[in-house]
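Assemble chains B and C onto chain A, guided by the hints.
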Amino acid sequence: MNVATPPKSPLLDHCPESLPAHAYYDPDWYAREQALIWAREWVCIGRHDRQAPGTLSPLTIGGQPVMIARAPDGAYSAFLNTCRHRGAALCQHEGQAWNGRLITCPYHAWAYDAGGRLISVGHATPTEDFDKSRHGLFPVHLRLFQGAVYVCLADTPPAFAPDPGPDTLKNWRMEDLVTGHVKEVDLACNWKIFWENYNECLHCPTVHPQLIDVVPIYAKGIMSPEEASGWSPENARPAPLKEGARTWSDTGQPCGPEFPHLTEAERAAGHTFLTHYPSVFWAAHVDYIRMIRVIPTGPETTRLRAEWLFLPETLAQPGFDIEAVTSFAATVLREDGEACEMNQRGLRAGRFRAGRLMPQEFDIFRFHEWIRARMDA
Amino acid sequence: MNVATPPKSPLLDHCPESLPAHAYYDPDWYAREQALIWAREWVCIGRHDRQAPGTLSPLTIGGQPVMIARAPDGAYSAFLNTCRHRGAALCQHEGQAWNGRLITCPYHAWAYDAGGRLISVGHATPTEDFDKSRHGLFPVHLRLFQGAVYVCLADTPPAFAPDPGPDTLKNWRMEDLVTGHVKEVDLACNWKIFWENYNECLHCPTVHPQLIDVVPIYAKGIMSPEEASGWSPENARPAPLKEGARTWSDTGQPCGPEFPHLTEAERAAGHTFLTHYPSVFWAAHVDYIRMIRVIPTGPETTRLRAEWLFLPETLAQPGFDIEAVTSFAATVLREDGEACEMNQRGLRAGRFRAGRLMPQEFDIFRFHEWIRARMDA
Amino acid sequence: MNVATPPKSPLLDHCPESLPAHAYYDPDWYAREQALIWAREWVCIGRHDRQAPGTLSPLTIGGQPVMIARAPDGAYSAFLNTCRHRGAALCQHEGQAWNGRLITCPYHAWAYDAGGRLISVGHATPTEDFDKSRHGLFPVHLRLFQGAVYVCLADTPPAFAPDPGPDTLKNWRMEDLVTGHVKEVDLACNWKIFWENYNECLHCPTVHPQLIDVVPIYAKGIMSPEEASGWSPENARPAPLKEGARTWSDTGQPCGPEFPHLTEAERAAGHTFLTHYPSVFWAAHVDYIRMIRVIPTGPETTRLRAEWLFLPETLAQPGFDIEAVTSFAATVLREDGEACEMNQRGLRAGRFRAGRLMPQEFDIFRFHEWIRARMDA
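Protein chains in written order, with our numbering: chain A, 1 to 377; chain B, 1001 to 1377; chain C, 2001 to 2377.
Just so you know, these hints were derived from the structure itself, not from any lab. Honestly, I wouldn't trust all of these hints.
In silico lysine-lysine, DSSO-like type, Cα no more than 27 Å apart, as pairs [claimed, not checked]:
id, chain 1, residue 1, chain 2, residue 2
1, C, 2170, C, 2242
2, A, 132, C, 2220
3, A, 220, A, 242
4, B, 1183, B, 1170
5, C, 2242, C, 2220
6, B, 1242, B, 1220
7, B, 1220, C, 2132
8, A, 220, B, 1132
9, A, 242, A, 170
On a predicted model such as this, the values are computed, not experimentally measured, just so you know.
Pulled out of the complex, with its shape left as it was, chain A reads as follows (with noise of 0.2 Å):
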């Protein structure tokens, strides 16, 4: 932190209009979101042991069919799931077996290599005018980090932006922590009205009784010391959890031994959050972390994926119970997810063209900006 220009507060210096009610209903601007947002950014589509070394598995993104290759030595690669013949999914099911070279068509045995070049036509017999180099996949760019796969269906993708930055969470160490607990919860509402829920605490007093306990800021509705009204740079930053509590969990205690090589600062936060729109965000505690993956499934729904990340040791420890474990985040996640499907229920409304941001809700203002400069592209 650079003493001479000490950090503004982030309160909003105006209360702005939030998006356009029908942002969050039309099939219009749901179709376009996922042409202009889902098709065109970073999306990340799991922790890296998703699918076995020489397996093939389809999902869809942005509307569109894709289909995610893992060679038998693990590396990744992503590809449309069309067969450049006559439109084909040349996967139909996860785990499908592959052995790392030709991908061929189930349909008509056209076959591309590991790269996606088109190696045989099957028993037909093209004419001249047929350019096999040009028939190739349509690759899609996919990467990893720190433990999750991304894949983006843009030609060039945009910049790979998690925030606050990539090096959030690198004393985690992502890439070798395990998934101890999987949740999926299918919500009736929009995906951004979850974003939003996300990124302010306004609603904690109200919502989640059980966390505010653990996290007191969060009972004043704020999310940082620094929206604390009076709060300098020069006053002491208090710790984020309760007395004696290292963690969220029911306890406060963490269910087995900390990452080790987090630094105090960190250990002292409590929760660390980065978060990747439109795609993921995770939270970070000294003894575990929840993956949250938001996944449209259309205008009005929304599915979520947690994942509970842990040390092998961990979830190793003799009697270890992963439902008393997780049931404290769980709780947080209902709740949040009663919360959207309340906001979406009341969006109809004819003269209610749009909501107003209040300064603390800063967070969901830059959602907004992003969400609108891409909409706007």
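Using the frame of chain A, we list chains B and C on its own:
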């Protein structure tokens, strides 16, 4: 009745076209109707006992979320069910408890007084550009009429004009009656198809074998003596019900004491209708009333909710058999529902641009004129 | 065959583009096809025993309600299933009894004679502006063809042109055959995808392991000897079925007596196809025929109805095992259905604008030209 100007026959002097066929199935037409009719007209939402004092209830009118508030003292009011902050629904389920003072949003604790004024924004600290007085709940007009509750989402409500007039059923004193039976039915037809069915009796001979026995003029396909050929005001007006019958029932006999304040003419009529587009009609007899609400649920689906209203002492009779009492009219309703679905099934024929109304369908013509006036607005 | 002009290879001399990808999923394209193809072409609706004499049956063609009338003497006729009064469907369910004279609307008793002329308007008394003679049922063209019933909703039907010609299966005398087995299957694909699958055999080696054993040229991905490289009309034409096989079955042996009027060439062919876009094809063998109808049920869903036709004496054989007889072709149909669904799943890739046809896909190309001519009309 002015003897100098005898009533003319109500029959149409030509055979006009019906509404265009697509008015009964096109999603765009339906969406415009939601906005131009259902979100602008007075819409009946039930009896005055629809919800207990000290509760809030949500419902949808014209596709919009509405909240009906009933104070502990029994007074009704209504608002769009939308918080001005980010649009959350304030009321989530029927019968939500309310003390008659603040209506508090369960998301961020924005609180409104019983008049809809914004009183608190919870933990938020809005900047000066945010004018609380301009962020009250969106009011919805509400009125009581003879025991029924109506709302109107228009800024300026239209005239309150049940047909033939608000005093038609005054002597039944509906506000003192109680609901003894409810029947809901979902029909696979556009809501206007049901109103058209209601508005003519040409179908009675083919569709209602029991009813035409009790109401002999219906066997001729007409609704009232004035439609009969050769009718003139000088002729005696024939009793509409068959010899000895006093009400619509299997036996023609009343199910309990007759309503005490009816005139002789009202008793002799056998049935008296009060119609209020687009949402409700009442069919009043000497011993009970049917109140039928029409609730569009999609371009080709409609919910009907029928309530049978009685004097309290009628229901209190020992051995009172509600099924036997209501079965006659329930049969008529079922027959009409089947006819409506039959009508809907034929409408998508490409060469069928519109139907033709018969002179006897003068009330359908008036209904169509009512629709056209609003859709052309 | 004219020896002066030997048949050219049917192979395409270039690799044309397929239809645009959105033609297989876009709801607007589908709606236009309903109007421009299904409501204009001759559409096969089943065998001549599809309904009993003296009945009416409803069905939907091109999204429109149609009524098929079969008089007590067995004669067929067809109308739009729409009363000219207010559009009610005249026929509600399959096998509705009809005496061959009046067709009476069950709503208001409008009655039409067997030719569709409006005879009665029930209790209505239309004014002079209503011309009964202009309010007959909308006629639908209907014709029988070798035991099959077709309808056409166009004002002026197009030429009746099964391919390669109406006499192709004349010697099978299909009007005398009986349906021994029916199989309906709903596919998650556009109807054109099924026709494309039907129109090429490049997929046979990968998709139909049993079939290529019985039809050896299919193992090379070709449909007929003319496609083989080096083929010339001077060469002997090889028998399409494997040595000793006479029909499509598990054993290659017929399931009963062979059709008595086939030529030697027809017996030796092993299979003879008759194709009639958009709705039906027949695959005729020496001992049975499969008749397969294609019924679009949505942009991405299609129903197939397969009927197996036999000589009456074949079905009468003691111990005749219909499951065993039909299992071979039922397997082929299942395999084709799975391939079609696989094809559909890959089509929504944004960068996939259209596929490329191979020279062997000349029949698909002709199908696409057939489609384009109608969609551009």
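Here's how the hints hold up against the structure:
no.	hint	in the structure
1	C:2170 <-> C:2242	holds, 25 Å
2	A:132 <-> C:2220	holds, 21 Å
3	A:220 <-> A:242	holds, 13 Å
4	B:1183 <-> B:1170	holds, 25 Å
5	C:2242 <-> C:2220	holds, 13 Å
6	B:1242 <-> B:1220	holds, 13 Å
7	B:1220 <-> C:2132	holds, 21 Å
8	A:220 <-> B:1132	holds, 21 Å
9	A:242 <-> A:170	holds, 25 Å
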